[in-house]
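Chains as they are written, first to last, in the working numbering: chain A, 1 to 337; chain B, 1 to 337; chain C, 1 to 337; chain D, 1 to 337.
Read the hints as simulated data drawn from the structure, not as lab findings.
Keep in mind that this is a model prediction, so the values were computed, not measured.
Among the hints, a few may not be true.
Ranges between beta-carbon positions, derived for each pair [to be verified]: (1) Phe139/B to Glu260/C: 25 to 35 angstroms; (2) Ser278/C to Ala79/A: 13 to 23 angstroms; (3) Thr106/A to Glu260/C: 45 to 55 angstroms; (4) Gly228/A to Ile82/C: 56 to 66 angstroms; (5) Arg61/A to Glu148/C: 36 to 46 angstroms.
Where chain D lies over chain B, by a calculated footprint (3+ residues, C-beta under 8 angstroms) [said to hold, decoys possible]: (6) 212-226; (7) 240-250.
With a cut-off of at most 25 angstroms between alpha-carbon atoms, the simulated BS3-like pairs for lysine-lysine come out as follows [said to hold, decoys possible]: (8) Lys6/C to Lys327/D; (9) Lys27/C to Lys67/C; (10) Lys276/A to Lys327/A; (11) Lys276/A to Lys6/B; (12) Lys27/A to Lys27/D; (13) Lys276/A to Lys67/C; (14) Lys276/B to Lys67/A; (15) Lys67/B to Lys67/C; (16) Lys276/D to Lys327/D; (17) Lys27/C to Lys27/B; (18) Lys276/C to Lys67/A; (19) Lys327/B to Lys276/B; (20) Lys6/D to Lys27/D; (21) Lys6/A to Lys67/D; (22) Lys327/B to Lys327/D; (23) Lys27/B to Lys6/C; (24) Lys67/A to Lys6/D; (25) Lys67/B to Lys276/A; (26) Lys327/A to Lys67/C; (27) Lys27/C to Lys6/C; (28) Lys6/D to Lys27/A; (29) Lys276/D to Lys67/B; (30) Lys27/A to Lys67/A; (31) Lys6/D to Lys276/C.
Using N, Cα and C, we set each Cβ at its ideal position, and we do this for glycine too.
Here are the chains, one letter per residue:
Number of protein chains: 4
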Amino acid sequence: MVVIMKPDASPEDIQYVVRRSHSLGLKTHLSRQDARTFIGLVGDLRGLDPGVLAGLRGVERVQALTKPFRLASLEFRSAPTIVRIRDVEIGGAAVVTMAGPCSVETEAQILETARGVRDAGARLFRGGAFKPRSSPYSFQGLAEAGLELLARARDETGLPIVTEVLASEQVPLLSRYTDALQIGTRNMQNYALLHAVGESSMPVLLKRGMMCTIEELLLSAEYILSHGNPNVILCERGIRTFETYTRNTLDINAVPALKELTHLPVVVDPSHATGKSSLVKAASRASVAAGADGLLVEVHPDPENAWSDGFQSLTLPEFADLIGEVKRVAAAVGRTA
Amino acid sequence: MVVIMKPDASPEDIQYVVRRSHSLGLKTHLSRQDARTFIGLVGDLRGLDPGVLAGLRGVERVQALTKPFRLASLEFRSAPTIVRIRDVEIGGAAVVTMAGPCSVETEAQILETARGVRDAGARLFRGGAFKPRSSPYSFQGLAEAGLELLARARDETGLPIVTEVLASEQVPLLSRYTDALQIGTRNMQNYALLHAVGESSMPVLLKRGMMCTIEELLLSAEYILSHGNPNVILCERGIRTFETYTRNTLDINAVPALKELTHLPVVVDPSHATGKSSLVKAASRASVAAGADGLLVEVHPDPENAWSDGFQSLTLPEFADLIGEVKRVAAAVGRTA
Amino acid sequence: MVVIMKPDASPEDIQYVVRRSHSLGLKTHLSRQDARTFIGLVGDLRGLDPGVLAGLRGVERVQALTKPFRLASLEFRSAPTIVRIRDVEIGGAAVVTMAGPCSVETEAQILETARGVRDAGARLFRGGAFKPRSSPYSFQGLAEAGLELLARARDETGLPIVTEVLASEQVPLLSRYTDALQIGTRNMQNYALLHAVGESSMPVLLKRGMMCTIEELLLSAEYILSHGNPNVILCERGIRTFETYTRNTLDINAVPALKELTHLPVVVDPSHATGKSSLVKAASRASVAAGADGLLVEVHPDPENAWSDGFQSLTLPEFADLIGEVKRVAAAVGRTA
Amino acid sequence: MVVIMKPDASPEDIQYVVRRSHSLGLKTHLSRQDARTFIGLVGDLRGLDPGVLAGLRGVERVQALTKPFRLASLEFRSAPTIVRIRDVEIGGAAVVTMAGPCSVETEAQILETARGVRDAGARLFRGGAFKPRSSPYSFQGLAEAGLELLARARDETGLPIVTEVLASEQVPLLSRYTDALQIGTRNMQNYALLHAVGESSMPVLLKRGMMCTIEELLLSAEYILSHGNPNVILCERGIRTFETYTRNTLDINAVPALKELTHLPVVVDPSHATGKSSLVKAASRASVAAGADGLLVEVHPDPENAWSDGFQSLTLPEFADLIGEVKRVAAAVGRTA
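Work out the full structure, taking the sequences as your base and the hints as a guide.
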């Protein structure tokens, strides 16, 4: 960390910053350039809030030079982490596809989709029983009845289940029914929830906040890791930008960027990242080509009659095509699918 | 709502959309332009998810024409809502300033700040006992001990208290100590939390998500209102943009925009919206000039030694100056302060 | 186009909008929903500025329903356009790679790079002789001396040349030396320049503005097409977002999105879209997997000593690796490279 | 500037960076923290492109610590610059309002507007004769005929004229007719144009690019200043964000931020920054309260029949109201209007 003093900072201002840094257990290192003094800080900076020094008189700016996360970093662990959801490995040689409808609607819909995606090649089944919706007047999910349908789908098909958790108090209930917990984009910085899943031992699929940086995603993973749960899968699902043709902007750069920062597996949700079923296949191929360890795809046997997100859901035949295309791209980059 | 068909949609596609709309209880109205058919929908569209129709074959896009919120709208209630926090009215003729430190630290700090901001002219006292922090290694707040200090400050100064709630299960605890609940920017779309405060009768200060639209802010307010709690104050606190000189971008347009959309009071947090104490006064003056009903300002008796956010906190003398400037601007726009 | 009237619009307001629309040669079509009147407009809307009606009394909003570009659209021409730069076809079955340094520096650098990229498999050579730089104190390019070096590289290697044009008056000079003109991201909406290249017959590589929408990119292409030049290649080069880990955010969605909107070829610049040489290969594989017709890659024989953009340039051996990887991905999606 | 080496950088890598820095005339200064080496650079960094060092082996990042602009900075000149347009001073005690229509349409429209805004209190007249439009099919302006009408308005009213210049070759023509040149938002980084106006002696109203940072705005001002023209007025006109309710987001923070960075006058265009006439007054009051030296307001005698931008134009009576409100706010912040 470097403290950059203003050109008009007095010697007393500089000495005060130095003393304050020493009182925080840090060593300091002064240099000058143009009219400015720079105070380099050396020591354990992990818990240091830059704001503590940024408010001192004469300080122009405090610049962090190193990463604020540790357990999630490649420096902490250089070998890729493989997260196991039942018998499925995420982060290994195989690119894993998780698929299913946005919402759990009916038994027939769930069983037909689960069988269909398994037959096409999916390895996990996803579906929402508790739905976060922008409007209080939209369908909010079937709740526990939905979890029961998901469990029945697992019994039928053998596919492990992943579903979204919306609040800490739901963790025990969901853990009885499901094989992995999803943290949705609106909850990436819901620290009470991160804390709760960090204390569970369930695999966690952590979706990037639509407004959050790559570094903030890793800090949210660090919350879970630092509470004792090492089973975190990161999910890029599109960020919010000025572009309105697509629902979100798939930040494809984030895939190789995360790979050079962390040992955790990285998957992509091309359905939310595009918001248009017509773009999902291309986004899926791109994600695997960029190095993603898996995909999370919305599939519905009848998107035209889906209760939510039909516009971005694939039909079962479209999903089967997608799996075929993804396999070829995976092979081209030295992976299986 | 208008369904825009693709140029190559077949007559069967169009008839299917029409039948589906009728089955949802809506009337339809067809017109053509260039090669396209447009299907206007008439009826109760409030609970209709556009995705239900957007996924139908031959549909290019579904365009909403009216606002998705109702209880929060000026059409529902044209007179301004005044929210009372104990004896303080937000949304009336007076511009109300709420002030206090980012974090509750010590008894001495809290009492000195509370007395200082009261003497300068603040009407409410704010301070965080539970702190949402990006890093798990940063200070997370004093929790219940912090609430006790806030209550002591109220006893001493008579200023009502507002503090942040991070999870549904904290609502009863906080309601015992505080006079208003703050929903922070990272929780604006934490629907479990919105639901919980909606079932309470406490006044709620709802901060805009840093990457949420004005419409989404009003939809989150609608969650609270629709669960029975009419006491919602909206807070613009800056949005995330590409600009990095400031911590956030104060969306000053949001103030008059909200005033033409809703009857709820609107306050501005110039401290987070700028992230630099040197810009807080100018942002405060601008907010009041734009029509804000109040301000939420970070003040610390010794920002240089604050445990968090010192770089954006004002000293007590700076805050007294701010109050003086705000009074003059308030008078210029026909308000008191 | 639909004119949405306010709930309190008077019958006279509505009649005025109708008469104004008729005077513009449009037919109107009224319907009501909730308390609002909607006036659908039918006729030649291409040149109609929505602002003409949006300012009328009682109007809440005017909503465009169809695309504002025509010559660039798939409705105008459904077969893919193939742009020829000398003997190289962009937009056909082969994925074409254009490569070279950010800036033309010296004869040795240019010739070594041109030979190197040709041997690795590039089909076009790129390099900047006129450089747009944020700071007036940065290197601005070698100007005509740089063009001469580019022409020498073409003589040596047979690779056609593409280079950036910064102003209308440079078009004749550049046309003497180069085989295609590049419009840079900062000039995507420099209409004087679009007009000038539209009147030339040179192939144009039009880079997307870093904060321009997909639709605005197509409107800028429409400027060139409507002035008589059909040889436009679109280039996605990353957009500006809140993410700071990468220089820009590669909008990979734009590749399939453009393919469903236009017949023009689409290439990707992974060097600017990431701003980090370590991410360029992954971004290149992703682009080809998403359907790009080509790549524009910064290569330098010695990035460590490059005069500009060394941090995002590949070495010649890295570029050779990239070509190998891209070939495998291209084959996986049914293309050659 | 600090070069941050990767944890695995070798001693040879570090030595190479040091030698390269010395060869650029810089002194170096090494320190270590955690596993990393930091190389501080001291010397004349103004023309140094960080990319020159960022590409060296073993380098993780190069961090600039000081501002890249000089002539525009408060360090270069601490007294506020007052720009004179004929007899009107921008940057002095008085807040100056410039007003007029988006486009020059007819003699009657121009003269009525010019008289009206003068009588209401405007000090300069604005209007577009050359219009940059996203679509090639929209009205492009009256060109020289429009300039003649503007000159006639000046003769009639005594108000100096400001109008937009779109290309370098227009500078001589416009300089014959107008009193100040406006650089529009899409041309803020059109360096050929900045160069041309920098060599002229005309006052320049430089609008911030809708996608450009405060620092980039100052660098574009630096282009003009460094070519010899000191008469630059900066204009905040709204930036592009994810918010769609307004046309742009007025970055009100930019006003005090610019005031702490530069001596140049700062004005605000509330018409483009909101894109809605209903929000223009509030945005104007806010701008003056924040410290703006002037306003640039779109006014039309009959916005309902304006050829462009009617939806964001004020009528003459609305503009007179605005002037009244602005005067009161100006007085409240110690200015005249």
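Against the structure, the hints:
1. In this structure, Phe139/B and Glu260/C break the distance hint of 25 to 35 angstroms, their C-beta atoms being roughly 50 angstroms apart.
2. Remark: the range hint 13 to 23 angstroms for Ser278/C to Ala79/A is upheld by a beta-carbon distance near 19 angstroms.
3. Taking 45 to 55 angstroms as the suggested C-beta distance range, the pair Thr106/A and Glu260/C does not conform, at roughly 32 angstroms.
4. For Gly228/A paired with Ile82/C, a C-beta distance near 58 angstroms keeps the hint of 56 to 66 angstroms intact.
5. Checked against the given bound of 36 to 46 angstroms, the beta carbons of Arg61/A and Glu148/C, roughly 45 angstroms apart, stay inside it.
6. Coverage of the stretch 212-226 of chain B by chain D holds. Counting CB-CB distances below 8 angstroms, 3 residues qualify, and the rule asks for three or more.
7. With 8 residues having a beta carbon nearer than 8 angstroms to a beta carbon of chain D, the stretch 240-250 of chain B meets the requirement of three or more and the stated coverage holds.
8. Straight-line distance between C-alpha atoms of Lys6/C and Lys327/D comes to about 32 angstroms, which puts the hinted pair past the 25 angstroms bound.
9. Note on Lys27/C and Lys67/C: the hinted pairing holds, with a Cα-Cα distance of about 19 angstroms set against a maximum of 25 angstroms.
10. Between the alpha carbons of Lys276/A and Lys327/A the distance comes to roughly 22 angstroms, so the proposed pair stays at or under 25 angstroms and holds.
11. Annotation: proposed proximity of Lys276/A to Lys6/B holds, straight-line Cα distance about 14 angstroms (limit 25 angstroms).
12. A threshold of 25 angstroms between alpha carbons decides the hint, and for Lys27/A with Lys27/D the separation of about 23 angstroms falls inside it, so the pair holds.
13. Under the criterion of a C-alpha separation no larger than 25 angstroms, the hint pairing Lys276/A with Lys67/C is consistent with the structure, at around 17 angstroms.
14. Distance check on the hinted pair: Lys276/B and Lys67/A sit about 23 angstroms apart at the alpha-carbon level, within 25 angstroms; holds.
15. Simply put, Lys67/B and Lys67/C have alpha-carbon atoms about 24 angstroms apart, close enough for the 25 angstroms limit, and the pair holds.
16. This hinted pair checks out: Lys276/D and Lys327/D have alpha carbons roughly 22 angstroms apart, not beyond 25 angstroms.
17. At roughly 23 angstroms between alpha-carbon atoms, Lys27/C and Lys27/B fall within 25 angstroms of each other, so this suggested pair holds.
18. Under the criterion of a C-alpha separation no larger than 25 angstroms, the hint pairing Lys276/C with Lys67/A is consistent with the structure, at around 17 angstroms.
19. Distance hint between Lys327/B and Lys276/B is fulfilled; the C-alpha atoms sit about 22 angstroms from each other, no more than 25 angstroms.
20. Restraint check: the Cα-Cα separation between Lys6/D and Lys27/D comes to about 21 angstroms, which is no more than 25 angstroms; the hinted pair holds.
21. For the hint pairing Lys6/A with Lys67/D, the CA-to-CA distance comes to about 12 angstroms; that is within 25 angstroms, so the pair holds.
22. Annotation: proposed proximity of Lys327/B to Lys327/D holds, straight-line Cα distance about 16 angstroms (limit 25 angstroms).
23. With a C-alpha separation of about 21 angstroms, the suggested pairing of Lys27/B with Lys6/C holds against the 25 angstroms cut-off.
24. Restraint check for Lys67/A and Lys6/D: satisfied, since their Cα atoms lie roughly 12 angstroms apart, inside the 25 angstroms limit.
25. Restraint check for Lys67/B and Lys276/A: satisfied, since their Cα atoms lie roughly 23 angstroms apart, inside the 25 angstroms limit.
26. Taken as a hint, the Lys327/A and Lys67/C pair is broken in the structure, with Cα atoms around 36 angstroms apart against an allowance of 25 angstroms.
27. A hinted pair counts as satisfied when its Cα atoms are at most 25 angstroms apart, and Lys27/C with Lys6/C qualifies at roughly 21 angstroms.
28. With a C-alpha separation of about 21 angstroms, the suggested pair Lys6/D and Lys27/A falls inside the 25 angstroms cut-off, and the hint holds.
29. Restraint check: the Cα-Cα separation between Lys276/D and Lys67/B comes to about 17 angstroms, which is no more than 25 angstroms; the hinted pair holds.
30. Taken as a hint, the Lys27/A and Lys67/A pair is honoured in the structure, with Cα atoms around 19 angstroms apart against an allowance of 25 angstroms.
31. At roughly 14 angstroms between alpha-carbon atoms, Lys6/D and Lys276/C fall within 25 angstroms of each other, so this suggested pair holds.
The structure is inconsistent with the numbered hints 1, 3, 8, 26, although it conforms to all the rest.
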